[in-house]
Every structure is written in C-alpha cells, then in structure tokens.
Amino acid sequence: MSRLRRFLHTPEAVAGAILLAVLFAMALSASLLFPGDPQAIAGPALLPPFQDWSLPLGTDRLGRDVLAELFHGARTSLAVGLAAAAAALVIGAVVGTLAGFAGGLVDEVLMRIADAFQTVPGFLLALAFVSVVGPSLGVVVAAIALGTWTGPARIARAEVLSIRERDYVAGARVIGMHPLEIAFREVLPNALPPVLAMSSVIVAAAILTEAALSFLGLGDPNRVTWGGMIAEGRTVLRTAPFLSIVPGIALVLTVLGVYLAGEGIVETTAVRRGLS
Amino acid sequence: MSLLAVSNLTKNYRRTGKPVAAVDDVSFTIEPGETLALAGPSGSGKSTIARLVLRLIEPDAGRIEFEGSDFLALRGVALRARRARLQMVFQDPLAAFNPRATVARVLDDPLRVHGIAPRTERPRRIAALLERVGLAVDLAPRAIHEISGGQRQRVAIARAIATKPSLIVLDEAVSALDVSVRGQILDLLLDLQRRERIAFLFISHDLGVVRAVAHRVILLDAGRIAESGDARTVIDLPQSAVGKALVAAAPRLNRYRP
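Chains A and U, in that order, are what the protein sequence lines are. Residues 26 to 301, numbered by the working numbering, are exactly what the first sequence covers, in order. Residues 2 to 259, numbered by the working numbering, are exactly what the second sequence covers, in order.
Okay, chain U solo, but in the shape it has when bound:
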C-alpha cells in the first residue's frame, strides 16, 4: 500500500474570468521512506501540488489517500490530528516562522498542539530535537531572526520531525541556502530518511539536487505531468520537451553525492 496516493488532482485558478488549470489531472504515489521529486519550470504547478497535498488549499477534483484513508474527507479536529503525520519545510526559513518567535517556541508548538509531551517534559524534547538536527541546545532561547539561514532551516526540519511524520513536503527547501549549507542540509535530510523511514515529496527546480537525492522524479509542465520515472534515468536522458529544456538550462549539473 502506498503511503500517499494522489489521483486525478485538479486545481483551477480563475484569472480575469477564464479558469486557468494550475494542476491538471495529476496522479502519483509515494512509498514509505521514498523520495519523490517534483520538478518543472516556474508556474508548472509544483508548489500548488504541495499545498494541495497539505490541504492548505482545496482541490477542484481528484483524490488524496494518505496512510490508507481519504485525506480530503477529514475535517476539523480529525484533520488537525492527522496533520502530525504530514509535515512541511518551506523555501524561505525566515518567512516560515512568526517573526516574534524564539527557537524554543517554534519547537514547542507542535509538541503542545498534538499533546506529544507534558509541559514539564517539553524543554527536554526541544533539546533532543535541536541535537537531532545538529544544532546547539543553547540556541533554544534565541529569537528566530537572530540565527543564520542554515540554522533556521535546521530548526524548520526539527519542527517538521517533532510530530514523527511519515511524509515531509520539502517545498524548495534548500533553494534559498548557499551551496555549502545546502549540502549539509541535504545530508541531514537523507540521514533522517534512512533512520526513520520518512518519505519526502521534494519540490525543486534544481535538477542537480533532484538527481542526487530523489528516487523518482515527476517533471511538470503547465500543470500536467510531462514525464516521470527513475530520477537518474529521466535526468540523464529526458524524453519530453520540457525535460530536455530543463536539463539544457542547467549549465553544469551540481552532482551532489551524499
């Protein structure tokens, strides 16, 4: 049984009266512990799919099955409880946190909301999470805007794993980081995946990174799946026009190997 099964997902945006399909009849599955990459040019619907899968926006048509049940049927309390299993890391780690928050508060929220640990135990849990993502424990009382971009993205990953999810959506999670930090963050993600069998829906426009970390890849073009398959096969020998264009547009593939 697949961890996530998306079928015939469709989302239209109405722009000046005429509906534009942002996501058009997209189907895919993700297995436990697998990394599926969504790649494509700007406006191809990558981020819209991410937001649909997370129920941040509602689809016009299609089904989303997550851990064997209809994810779109969930409402209110049931939906909020299920969100523990499906987390997200955003592109801009500064925008992803309340500007008034401290590191400790950011990590305390999921533990408190889902009742994972009683109040007295949470500081210990927060310390363990910080350690797990390779951050110093004394970072906890610092304000989010005081720490570096790489540290912030580690905090975002710590928040995402706080609820022990089975799937994390990474929406351009390493695109805003500089190259040296990017490698470290990718290492951290792959390590998490190996040890805790977390699946990733990895959204990126960087085919070099996709080739290095993804098992399978879906290339999107104007809301439709243009091409899909094994990540290395597709990127080394793209068949579709958009695939060829994307590979040609990347002048030197940054062949990152963990």
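If we strip away everything but chain A, and leave its shape as in the complex, we get:
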C-alpha cells in the first residue's frame, strides 16, 4: 500500500496515470459509444469541429466521424503499443538470460545476432518487414518488436552475468536443478526489475512507430489508426488542419501519459529498493 501511496504523491505519476486511464476508457468504450464501423460515412465531408453536436469533432474528407475514429484509433494504438512492448520484453529477457547464463558460444552467437539487429535502424527494419509480409495488426506488432528486443536483451544479459555468480545459483546447481530451470526460475525473475524499468520507453516508442507506419500507409487497412488519420488529413492540411491536429494531440498525450506513469513506477520502486 505504501508504494501506491508514494505513487499517488508524485504529481507527474498521477498525471500520467490519469492520461492513461482516459486512454483506456476511450479504447474500452469505443464500440459502446460508437457502435458500427468507424470508417463508415456519417455526415457531410470536411465538417469542422464544434459545428454539429452529433459530430463534435467534425468529419474528414470522406465524411467519417473524427471522434469515432479517435476512439477506435485509441484501441489500435494501445493494442499495438502494449503487444509490441510485451513481445520485445519477453524476447529480450529470454535471449538475454540464455546468453548471460550459458556464456561461451551461445552467448557469442546470440549477442552477434543482437548486434546485427541493432546495426539496422529499428524503424527501417519495421518498414521492410511490413512491406514484405504485408500489413496486418500481428505483422505490425512483430515488426516493431523486431527492432526493440535488443535493448532489453542487453540489460537482461548484464544483470544475469552478475546474478549467476551468486551463491543461490551455486546452491541450485548443488541441489541438482536443470540448468534451464535455474536460468528461468532462479535467475530471470531476479534480473527483471531493470528490464521492466525500460517498458514505458518501449511502449511509447512502439506507439510512435505504429503511428509512423500507418502514416506511411503500412498499418492494418481494416483498422482506424491515429497515424492513418494524420496521413488522411495531410492532403487537406491547409483547409482542414484539425484533421491532423486532433489525432496528433491524442498521440502526444498518450506518449506523455505512458512516459509519466512509467517514470512514476520506476521512481517508487527505486525508492523502495533504496530503503531495503
């Protein structure tokens, strides 16, 4: 409980948590508040915001409801951001643990593979992957995870290198435990905190990468995405700038919320560790 209280006493953490809560509420209520296809035509084209209260944020070039698109876009952003970050963290933690714990040739091979991925810019990798495999939600998640797993892998490996020399790992070997069980049951859970501290940065980066891919037309075409909305609005930027500005603001607030909340969590756990 004291951790929660400390979290709530950090103003930026509270601000981040509120932003994220609003975002989650939008994503969860999207199909309740805006049932039906958000990509269907709802009114006249290019209706500016705050003119017609049945379409509060106006309509885009094809007459689609911007507010409905915004709500449904929150779903995509959150789903892709969280799934890609989770995939990157899991792959990174597993690869880093194996490399650090096994050492020798396994370590060399795994880390050279990580090097290879790191030499290619993550966004370029995602771009190439999606253009080859084809745009769908799963592919976009995989493409983003492909470019981000190396960071968590390096941190996990460094942590494992220090943990594997501890007495309790020797103790597990003396007990006769299988090396894989030692790696994933004794070592990995204790190597996780610094890896998880990266998660907010990774989620935020994944959301931005997804938006950038969608902006370039490489998002899932069957889903509304904020990046796609910005790209849509780009063609009429002079006459109807709100079409790009509204999803842009949503994107900024989301990334900000993820950063602030993540920062708050790291802060509170760091204090806890410092005390113990």
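Rather than coming from a laboratory, the hints here were simulated on the basis of the structure. Keep in mind that the hints are not guaranteed to be accurate.
Listed next, the stretches of chain U that the computed footprint assigns to chain A, with coverage defined by at least 3 CB atoms under 8 Å from CB atoms of chain A [as the list claims (entries may be wrong)]:
no.: 1; stretch: 62-69
no.: 2; stretch: 94-101
no.: 3; stretch: 110-117
Beta carbons are placed, not taken as given, at the ideal position from N, Cα and C, and that holds for glycine.
Go by the hints and put chain U onto chain A.
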C-alpha cells in the same frame, strides 16, 4: 572403501597471464560418518577445494572418487542425479537462497528435482524436515528474508539433508552466525552426523570450532597441504609454520564441546 577420495587435485587461476595455483596437488579421503576439516588462512584454497569437490568448478588435474565411482566422469543427468548424495551449506545463509523464495519453496526444490516425494506428499515432508532441524512448521510459508540468520542456516541444513546425502560440504557454515547460535547449529550438525552417519567436509578458519567438531584436519597454505592429522593433535601441537601461525593468531581458543 573411502566415501570420498580426492587425489592430486589441481586448479590454476590465470591472473594477468601468469597461472596461479589456487589448489596444488591436494589429496585426501573422507570416511563415512567422519568430519574432515579444511583450515587455513584466507586465499589458501579452502573454498576452491569445496567448489571442486561439488563440481561447481572443474579441476585442471586430479581425480575425485565419490561413493566408489569417478565423480569427475559424470555429465548431465547422471551428474545431477548423483548430486543428491553430495550437498552443501554456504557461509552466508541469506545469499544462499533466491531472494524471492519462501522457506517451503527452498525445501520443495530438492524433493521435486530428485522425485523424492509426489506433489501431494511434499508439504508433509517439508514439515518433517523443518522439525528435524528444530524449526516450527508454521515457518514454511514465510519469505527467506523474513526469518533470522540462525533460522536461515537451519533451513539451509534442512535443504541439504532433504535428499539424504552421505556427504555435506560446510563452507564456513557457522562463521557468519553469532556465538550462541553457532553452538546450537554445531549441536544440530553433530546430532545429524551421529544419527544418519553423514560425513562432513568442514571448512573453517576458526580452529576452536575445528578442534571441537572435526575428527581430522588438513591445514592448507597457498593451495598445498601444510599439515594433516588428528584434529586435536594438530591444533594442540602444530608442526608446520602455517599451523603455528594459525594457532598463535587465535588469541583464546573457543573450546566448544558438544
């Protein structure tokens, strides 16, 4: 036949290119139910020998025979299975356990790994082990960091005896405990040895404790055996230079008698 026969054991560490012998041509035997102490100053190779005997590190040369077979020849599954017979208690009982573990999980691991008891029977076994080392059964769900140092070392001993070993390596197992707790832990160890004929490889720098619990002692100096023999004889009248220095360095021998 000896329980453990170590011959010509050698381990070099390379430090700035030049190999340094941590353990140099060391041979000894341990009989069933016997306590052999390894004593010596810091850096004399005591802990390295312990880790070699347990196959936590591999020797550069030498043989280790355990229960009549070549222990160094074992690999993989066979080695892990044989580890049930050869256990260890570490110096720092807090570092020896996963910081996330509970007492029950620590004791459950060896029973599960070696298939000693089915899942449903294990809680009963864990309770019996806790009782055997003089701990309350309701300690089982507690986290390792919540219990006292003495209790933790008892848990470590319970874990070591869970697989019914014939030899337990005690690497400075009582050095980190305060004096009153130390006596109780030594009593527990001697009681276990008497009843279950477990042999101990007892590593310590405390000659008072060595004299009280060990049958035989080996004094090490810079990786070599300086002197060995009956524990009381050697400590009361050391012949080697390092033996004399060690005895002289202990201002008052804590003559512990069980």
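For each hint, the structure was consulted:
1. 62-69: violated (count 0)
2. 94-101: That given contact holds, which follows from 6 residues of the stretch 94-101 of chain U lying within Cβ reach (below 8 Å) of chain A.
3. 110-117: holds (count 4)
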